[in-house]
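Peer 1: Sequence:
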Amino acid sequence: MMFNSPGKLRSRTMPIVSDDEMEIHGNRMNFLALGESGHLSRTGGTPIKKLERSMKHSIDVESVTANLKKSASEGAIFRFKDTNMEFNGKGGDREHNPDLWTSKLDLPVNSNGDSRRILEPPLIATRPPSGLLPNRKAQMQQELMYSKVDSPRYGYVPTPFSGPEPTQSLDRTSSISSTWSSLDGNVTDDFLDYNEAEQRFLEANKEYSESLMIEMVRREEYPDLGLQRQTYLDYANFALASKFQTEEHTRVVMAEEHCLGNNLASHLLQHVSDVQLRLLRMFNTSKSAYSVVFTTSYRTAYRLVANAYPFRKGSPLLVCQDNHECVRQLINAATNAGGIPTLAPLGENDLCMTKSNLAPLLKRRFFHPSGSLFVYPAQSNITGIQHSMDWIGKAHKSGWQVLLDVSTLLPTAPLDLSQHVPDFVVGSFENMVGYPSSMGFVLVKRSTFCVSVNRIPETDFTESDTTITLTPKVPSWQGEDYHIVCEDEAPPFLLFASLNFGLQHLETLGIGAVNKRVKALSLWIVHNLKSLRHEDEFWHLVNVYSPFTEENRGNIVSFNVLECTGEHIKPTLVKKLAAKYRIALGVCSSMNPGVANLLGPPSQRKKNLSVFNERSSDFTCVQVSLGPMSNFEDAYRLVQFLMCFRNPDFCPTQSAKLKEESVTRMSLRHNT
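Under my numbering, the sequence shown is numbered contiguously, ending at residue 672.
Hint data in this document are derived by calculation from the structure and do not stem from the laboratory.
Owing to the predicted nature of the structure, the values given are computational and were not obtained by experimental measurement.
Glycine is no exception: its CB is placed at the ideal position from the N, C-alpha and C atoms.
Be aware that one or more of the hints could be misleading.
To be verified - Just the calculated beta-carbon pair ranges, DEER-fashion:
#	residue 1	residue 2	range
1	Q604	R299	35 to 45 Å
2	P223	A255	18 to 28 Å
3	F244	S356	42 to 52 Å
4	D390	R251	36 to 46 Å
5	K287	H267	13 to 23 Å
6	N613	P491	29 to 39 Å
7	K576	H267	40 to 50 Å
8	P602	V663	37 to 47 Å
9	N671	E215	45 to 55 Å
Could you put the whole structure together from the sequences, leaning on the hints where they help?
Peer 2: Next comes the structure, spelled out in structure tokens:
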């Protein structure tokens, strides 16, 4: 609804979405900065539309307000003290009519697949529907009781707000507005455009303002993001290469043709040494403490450790439910050697490593001569939770050796290996610099193992392979500073030149500044996504699987978009629709089977190692992962895009367009 004249209201027709412009529909949105208060009240909802259709003429504002309050008071009744919620709807239950764009495998845990009227509290989700309370007394009681609640299970947001009214394009100058009232019921209009929303964000996040220098780096080193209006939010799967990195690497490749013999070899070897030093400096450690093994992929790094670690009969292996699926290689290696792998489950309420779950498993009741390995993730690649590094020291005190996975932690969060000293550190370069893709690394603590590389020649029955040998309790001065493990006999020295320039670029940014920047953005995204609702302002639009608190917050936010029936819209469809508006999102499913199993249907949940089996859960979700170049405009455009799903016609219309485009492409390909 919109104001036609003082005291009058009139309807408007929703515009049609084009491929180049975002459809504008729904109601208006106000971005609340952290610490602000306000309660939701709207004049453009379903009650007004019903009155407008029945009266078919202009409606007086006072009459509208009275009918709205009456409709609200006769509508929702909630009992927040109980986990079960009661709804006495005036309009009756909605019938569920499954459509092509709805995933049958991705039913949310808070839906019975038939109606949203019967709810079960999800593990980590948006807060329960919080429609208008019947009276002010009940409203004040709710705010007094729950204003400071911050449980990831329900995700209470202390400052709810209405969603944005999408504009004709995803422009930063687009005007968004909302109507929300305070406790006394006074309704005020607050029109916020991009500039005002950004200003309020900067005022609430002073540390973000200190890193605005990165905006200049973004314009100079990543010009395509601005020129093509690209919003890249998939850094966890593949980082972006800077202009400096690509140009310098091209210069080295071109100069290779003019270098011969020893000069070329020494020049390229220097890049390998520089990569080693830059990587260790990023972790605040030195080559006297850790040896570096460069691998052709992140998965290969796990395979090398699995094949080299001295598992014996009875050797304990402790893996976390939040580990990457590559941990299967360690589980298989331990099982084949007669070891005893065990799962450390996550807390069901917050998806964190809790003391009650982990401490009893770390307590050693006997000493095993071959040692025991504890595989610990620094950050979840689904929820974005950064797990406490204190468990590394506690595990060492109990006689465990620790493998730390930092694949999604870098380069947006610091890691000090001088304070927390794991025996192994496994990571991926493609999450840090993007190019070259698929390169990984393993850091091995010298005081624990001495590393040597073995080349297995090709035979009639097996292919050639390269493995590493871990020799325990060898003086730290023995062994090489770094090793290169590759499938070919010739190491890819030219790729190390690109890595060197990429790490050099990250050093100029500073991980500390990037970390403050990413934390502020991710918290703003979660804060706003958890408050988005459908057009009726009752049902949540997004189911968020990331914590609302700033503590232990990483760069990843995962969620699912919900239909008005409560069913998940396929994450792959959300990703495709976002790509039409030049927004790059990720989809995560099998890479973290433990958390996926916990977030999936209750009937499929497991608390043993079988969660790492293939297809242990059908759960999938949309993943937003921020990087060093992410800024407020990216977050703003993301929320604008998601608001399009408030319109019930948006998803089927765009899904049909995608299908038509696919058929057209196939026919053109067939004709050619």
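Peer 1: Decide, hint by hint, whether the structure agrees.
Peer 2: Against the structure, the hints:
1. Q604 x R299: 35 to 45 Å: With Cβ atoms ~26 Å apart, the hint is violated.
2. P223 x A255: 18 to 28 Å: Because 25 Å falls inside the window, the suggested range holds.
3. F244 x S356: 42 to 52 Å: holds, 48 Å
4. D390 x R251: 36 to 46 Å: holds, 45 Å
5. K287 x H267: 13 to 23 Å: holds, 21 Å
6. N613 x P491: 29 to 39 Å: With a Cβ separation near 36 Å, N613 and P491 satisfy 29 to 39 Å, so the hint holds.
7. K576 x H267: 40 to 50 Å: At 45 Å between Cβs, range holds.
8. P602 x V663: 37 to 47 Å: Roughly 39 Å apart at Cβ, these two residues keep to the hinted range, so it holds.
9. N671 x E215: 45 to 55 Å: Because 47 Å falls inside the window, the suggested range holds.
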